[in-house]
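Q: Each chain, letter by letter, is given below.
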Amino acid sequence: KAGVTQTPRYLIKTRGQQVTLSCSPISGHRSVSWYQQTPGQGLQFLFEYFSETQRNKGNFPGRFSGRQFSNSRSEMNVSTLELGDSALYLCASSFRDSVFEQFFGPGTRLTVL
Amino acid sequence: AQKVTQAQTEISVVEKEDVTLDCVYETRDTTYYLFWYKQPPSGELVFLIRRNSFDEQNEISGRYSWNFQKSTSSFNFTITASQVVDSAVYFCALGNSKLTFGKGITLSVRP
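As you go down the protein sequences, you meet chains A and B in turn. The opening position of the first sequence corresponds to residue 63 in the numbering used here, with each subsequent residue numbered one higher. The opening position of the second sequence corresponds to residue 7 in the numbering used here, with each subsequent residue numbered one higher.
In case anyone wonders, no lab produced these hints; they're calculated from the structure. Keep in mind it's a predicted model, so treat the numbers as computed, not measured. Honestly, I wouldn't trust all of these hints.
Pulled a few chain B residues facing chain A out of the computed Cβ check, cut under 7 Å [stated by the list, open to error]:
| id | residue |
| --- | --- |
| 1 | 51 |
| 2 | 56 |
| 3 | 103 |
Per the computed footprint, the stretches of chain A lying under chain B, defined by three or more beta-carbons under 8 Å from a beta-carbon of chain B, are [what the hints assert, rightly or not]:
| id | stretch |
| --- | --- |
| 4 | 98-109 |
| 5 | 152-162 |
Away from chain B, derived, C-beta distances all over 12 Å, residues of chain A [stated by the list, open to error]:
| id | residue |
| --- | --- |
| 6 | 81 |
| 7 | 113 |
| 8 | 114 |
| 9 | 120 |
| 10 | 135 |
From the three backbone atoms N, C-alpha and C, an ideal C-beta is built for every residue, glycine too.
Based on the sequences and whatever the hints tell you, model everything.
A: As structure tokens, this is what we get:
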């Protein structure tokens, strides 16, 4: 069974640009959650999607958004990038929800210059 | 608000030593779940255990064991006879609809 895949693995952007990250969950998993990991703030929950609907949201500004497609693949978008958005963005999929066992992808390392 | 505190930031042990990773949590929810995840150098978080708030039974899985005590709001993780492959960052997490993670404990196991 293929694991969670995330593309791209590395990304370099400049301030003010926008970026879209992609996540393909494990086949059969309908819940996809996104997390931001930084050395200072640690792992922080961004949002969770289930069957194309956002089910939960963390405390991030509206510049961070996401969506989920009918095949459960998910994208997250960050608009008007700031230096502080530099982080490892992790996607996790679950059969049921984010408080069930989650399987994490390798992450996308975003660097904002 | 929910909070997870992993007071230990870095632990270094010699192979075959036992090591306990501490986790203390705060929540007003009566139903919640506690987790431990491992993040090896490769970066992908790996699920280790999930425990619900109504199940205070300790659990043992091979060299791993977990001690859940609601009275002290703690969910500690012990690795017995540690091995070099146990070197990783270990996260404790809490939630009932979305997860709050602790800052993580970096465990280094030296040969």
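Q: Decide, hint by hint, whether the structure agrees.
A: Structure-based check of each hint:
1. The interface hint given for residue 51 (chain B) holds, since its Cβ lies 4 Å from the closest Cβ of chain A, which is under the 7 Å cut-off.
2. About 6 Å separates the beta-carbon of residue 56 (chain B) from the nearest beta-carbon of chain A, less than 7 Å, and the hint is met.
3. Of the supplied interface hints, the one on residue 103 (chain B) holds, with its beta-carbon coming within about 5 Å of a beta-carbon of chain A, less than 7 Å.
4. Three residues within the 8 Å Cβ limit are the bar, and the stretch 98-109 of chain A against chain B gives 4, so the coverage statement holds.
5. As drawn, the stretch 152-162 of chain A meets chain B at 6 residues by the rule of a beta-carbon pair under 8 Å; at three or more, the given contact holds.
6. No Cβ of chain B comes within 12 Å of the Cβ of residue 81 (chain A); the nearest lies about 19 Å off, and the non-interface call holds.
7. Here residue 113 (chain A) stays apart from chain B, with its beta-carbon at least about 16 Å from theirs, past the 12 Å limit.
8. Annotated as non-interface, residue 114 (chain A) keeps its C-beta farther than 12 Å from every C-beta of chain B; the closest such distance is 18 Å.
9. Taking the minimum C-beta to C-beta distance to chain B, about 7 Å, the non-interface status of residue 120 (chain A) is violated against the 12 Å cut.
10. Non-interface status of residue 135 (chain A) relative to chain B is upheld: no Cβ of that chain comes within 12 Å, the nearest being about 18 Å off.
Going through the hint list in order, the structure does not satisfy hint 9, though it satisfies all others.
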